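Start from chain Y and add chain L according to the hints.
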Amino acid sequence: MKTSKISNISIHFPTQSLNNTDLVNLFPDKNEDNIYKTFGIKNRYVREPFETGSDLSYKAAENFFTEFPDFDKTKIDFLIFCTEGLDYKAPTSSSVLHHRLGLNQNCGCIDMPMGCAGYIYGLSLANAMIVSGNASNVLLLVSDIPTSVIHSQDFDLRCIFGDAGAATLVQASEQNGIGKFVFGNDGEGAKNLIVERGSTRAPIDKEWIEEYKNEPQYLAHGKMEMNGLEIARFSLQRVPSLLEETLQRNNLKFEEIDLFVFHQASKFILSALQRKCKIPKEKFYEYYENVGNTVSCSVPIALKNAQLEGKLKKGDKVILLGFGVGYTWGGTVVEWA
Amino acid sequence: MNIQEFISIIEEEFDEVEKGTLEASTSFRQMEGWSSMHALILIALVDNHFDVLLTGEELRGLDTIQDLYDLLASKKA
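Chains as they are written, first to last, in the numbering used here: chain Y, 1 to 337; chain L, 1001 to 1077.
One should not assume that every hint holds.
Not the full set, but computed from the structure, chain L residues with beta-carbon under 7 Å of chain Y [to be verified]:
1) A1044
2) N1048
3) L1053
4) A1077
Using C-beta positions, here's what the derived DEER-type ranges look like [what the hints assert, rightly or not]:
5) L:Q1030 with Y:S241: 33 to 43 Å
6) L:S1008 with Y:Q217: 45 to 55 Å
7) Y:Q237 with L:Q1030: 21 to 31 Å
Just so you know, these hints were derived from the structure itself, not from any lab.
As the structure is a prediction and not an experimental result, all values here were calculated from the model.
Backbone N, C-alpha and C fix where the C-beta goes; we use that ideal spot for every residue, glycine too.
Looking at chain Y on its own, in the form it has when it is part of the complex:
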């Protein structure tokens, strides 16, 4: 049976950053040691004003073509673009990206505004296109710009989130690669992590502009609101069963997994999950100290770094779990190619 594999990943971070010294300058009643102790984060990257999700993905894709010059980009026959920071209402940002990247015209393009579970859903779509015989070389671009929807005085969110882009090539494969998926959704959680204003149901208005006139771009694309306690409860409740279901779906035992890569939600959530799921520390990969929570990019950034650090080798079985905004969640197991 035809399967698909993750061939390679490239990352891009914006040039601006926000470290804990910067944060203490902005919030003089806080201190650097406490920020690091609470969040485990030293640095986050921040987009340039007006830089969109597609700009970060464009740069990640360019990095990919530079890093892997042997790959012929005209072979790409499907482009999936996942972001919550789309360029326009229409056309799709993937169409715009497709043109900027100079891809072949026989290439389908689709946008996916998915958030924390976005990479898992993107992989599932890429895998489905390949397994069904409709594509052979899928470029999965994910990028998020959470800093564009965070109020300048929201200390916690500014500590947690960072911007990034990632490019992943998913290709047809004869060997085991991307496994079976588990998906789930609970829309009752929508209110607990939401950017409500700035889109079709609740556009911004004169009052909004007046209220946020001192914010960059008067927060015209909305303001993130997060109930951290409810998000933590959701994660503790849902992720252990997602882990169990993903193993079952792939006929694997817990002990057969070489590396556990979860959405890098926060230090607190990850350490609580590692404890609750009894995952050995050396198999539980964490990567947020220098980048924060990068939403849909957190899993590919972790995979790339795990590979660079030698913690992810060919043939390893790595379980990937995404969960958050929605609530949505998804999981799969990938045999590393």
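Positioned in the frame of chain Y, the structure of chain L alone reads:
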């Protein structure tokens, strides 16, 4: 688990709290350095040791460590 063991676990988990300083009658919001983050830590601690996932509302309705212990005891009964 008796109340003393429960108190020891909380003292272990909260770095800011010196060992032997908490009592059953301690109001947990009055604990050294209490913040919204500590509510999360307490929820995860309870989940880990009692397999009970408290809601924010349940936690808000409680005052002392004894109250929390009693609620957990009634849930596990």
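Status of each hint after checking the structure:
1. For L:A1044, the shortest C-beta to C-beta distance to chain Y is roughly 4 Å, which falls under 7 Å, so the interface hint holds.
2. Checking L:N1048 against chain Y by beta carbon gives a least distance of about 6 Å; that is within 7 Å, so the hint holds.
3. Because the beta carbon of L:L1053 sits about 6 Å from the nearest beta carbon in chain Y, less than 7 Å, this interface hint is met.
4. With a cut of 7 Å, the hint placing L:A1077 at the interface with chain Y is violated, because the nearest CB-to-CB distance is about 22 Å.
5. L:Q1030 and Y:S241 have their C-beta atoms about 36 Å apart, which keeps the hinted 33 to 43 Å range intact.
6. Checked against the hint of 45 to 55 Å, the C-beta distance between L:S1008 and Y:Q217 comes to roughly 51 Å, which is consistent with it.
7. Take Y:Q237 and L:Q1030: their Cβ atoms lie about 29 Å apart, and the range 21 to 31 Å holds.
Checked against the numbered hints given earlier, the structure breaks only hint 4 and satisfies all the rest.
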